[in-house]
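Chain residues, written in single-letter form:
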Amino acid sequence: MTAPVLELRDLVVRAGGRTILAVPRLALGGATTTAVLGPNGSGKSTLLRAAAALLTPERGAVLIDGVPAARADVRAATAAVLQRPLLRRASVRANVESGLRFRGVARGERRRRGQAWLDRLGIAALAERSAQRLSGGEAQRVSLARAFAVAPRVLLLDEPFSALDAPTRGELLADLREALAATGTAALLVTHDRHEAAAVADRVAILHAGELRQEGPASEVLDHPVDADCARILGFHNVLPGRLLGVAADHVAVPAGACGLTGPDGLRLTARLVRVIPLGPVWRVVLEADGRTLLANVPEAPPAELAPGDEIELRVDPAAVRAL
Amino acid sequence: MLGDAFGEAIRLLTSGDSDTWEIIARSLVISLTATAIAFSLGVPLGMLLAFGRFPARRAAHAAINTGMGMPPVVVGLILTVLLWRAGPLGGLELLYTPVAMVLAQAVIALPLVAGISTAALSQVDPDFRIQMEALGASRARALWTVVVEARLPLLAAVMAGFGAVISEVGAAMMVGGNIAGQTRVLTTAAVLETSRGNFALAIALGLILLVLAFVVNAVLTAAQHRGRA
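Read top to bottom, the protein sequences are chains A and B. If you use my numbering, the first sequence corresponds to residues 1 to 324, in order. If you use my numbering, the second sequence corresponds to residues 1 to 229, in order.
Just so you know, the hints here were simulated from the structure itself, not pulled from any lab data. Predicted, not measured: the structure shown is a model, and the values here were computed from it. From the three backbone atoms N, C-alpha and C, an ideal C-beta is built for every residue, glycine too. Incorrect hints may have been included.
[Stated by the list, open to error] Only part of the chain B face toward chain A is listed, based on derived beta-carbon distances under 8 Å:
| hint | residue |
| --- | --- |
| 1 | 128 |
| 2 | 130 |
| 3 | 134 |
| 4 | 141 |
[Unchecked claim] Computed far set for chain A versus chain B, every beta-carbon distance over 10 Å:
| hint | residue |
| --- | --- |
| 5 | 57 |
| 6 | 78 |
| 7 | 198 |
| 8 | 318 |
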């Protein structure tokens, strides 16, 4: 078996006297995209910066091709795109070529590779424009082109689309996916958005409070959380004792969308209404059972005569219940 | 009287009065040299204050800010004491030379340039340098990109430094001595002519000083606008 291109091993990062990241092992390579999913403050950006050798860990190592690597070797193998597109006060073209310039690529070659990525990401028409006069989506395209242009073996992406509106984000995600597939580049995408992870990642790792909790193929991880924290990160809003649903498991996780006030006979649960929150396309019904808050997202407005404190029989789709 | 003075100034400039041109040239050489010295020391100092992490950083910052408001007369006084024949640096025999004036003006301009540079460099997003390193820039190269990024406000630092020293009179008088043909500059000449009652000539020198300051700043402003486009 060949060694992964980039591997984090026994990595511990400390700041302010406490451990903010602990990753026993995370391997990247083989043209796969790994999404690191976690809430704000879970250490995602720290993990990315450690992988890019942009910070010095307390202990542990970054391996390139299975060998502990010096800072310069890690930098040579990677390129990172940070959350905000930090562009230079120069033309779009100069920005796209700047990574190549740092790496001492000759002028003609720089021009050729820069142009290829300007074309590929649909920003060739902006090439001579000042990078200070771009929309958020355009600027992030320039930032992506700049990173792809250096042909990194591993591309590191730190929530690059989080500040963009939904349609722009969708288009950029699709373009990113295509570019990664076409170049066979391995990627690490740090995100708090499980939909984003589902859209581009082959593998998913879940980070909670600086700890790597779960890692595996995207389809498996996204649908099968191993613990309550992972369940919440993956959108399984309700974590409750199995006995409440009559399921033979210590705890189970259920997404709010799998809970309803009406529906086929499935699992049932008696709960007390707390409040109803309209969310636009759905209504979120907040309930309480056994001292726990439960959420149900229902497609139609709950009956108007329901008042807080009323007892409701909640129906749960058994297919959506995951034992923890 | 102002009209007379203006006419006199034009006459002095157009007639190619060699004394006047010599004073203008000397003023420019001294002040530009001092500004260049202040810039080459002030920008690295600004980098240290903006990006460095050392225990005395705040104290250093406070010292620079104090220095920005230091009266030139105090600088002149301290330098005169140091350079005085019996003083600790008396052996260098620099007092009443243009070198002493450059030294004094550089000391006056340095805190201005360093202070404004610190502000200019701090304005650049702290993640900018990290992003440059993440694209393969060495640490030094990444720092340089930050300087290039802050080039417009850094030009403001140059302007402030030059503006302060070209118009400064106290220190120039004290360490230069206003010796005709050697250390007489526009400001000290204007002071002398005023004291002699030659108001027309003094006002003419003042006008030249204004034009000079305007031209240098116009050039720098034009550069700023070009850089912004």
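When the hints from earlier in the document are held up against this structure, which numbers fail? Structure breaks hint 6 only.
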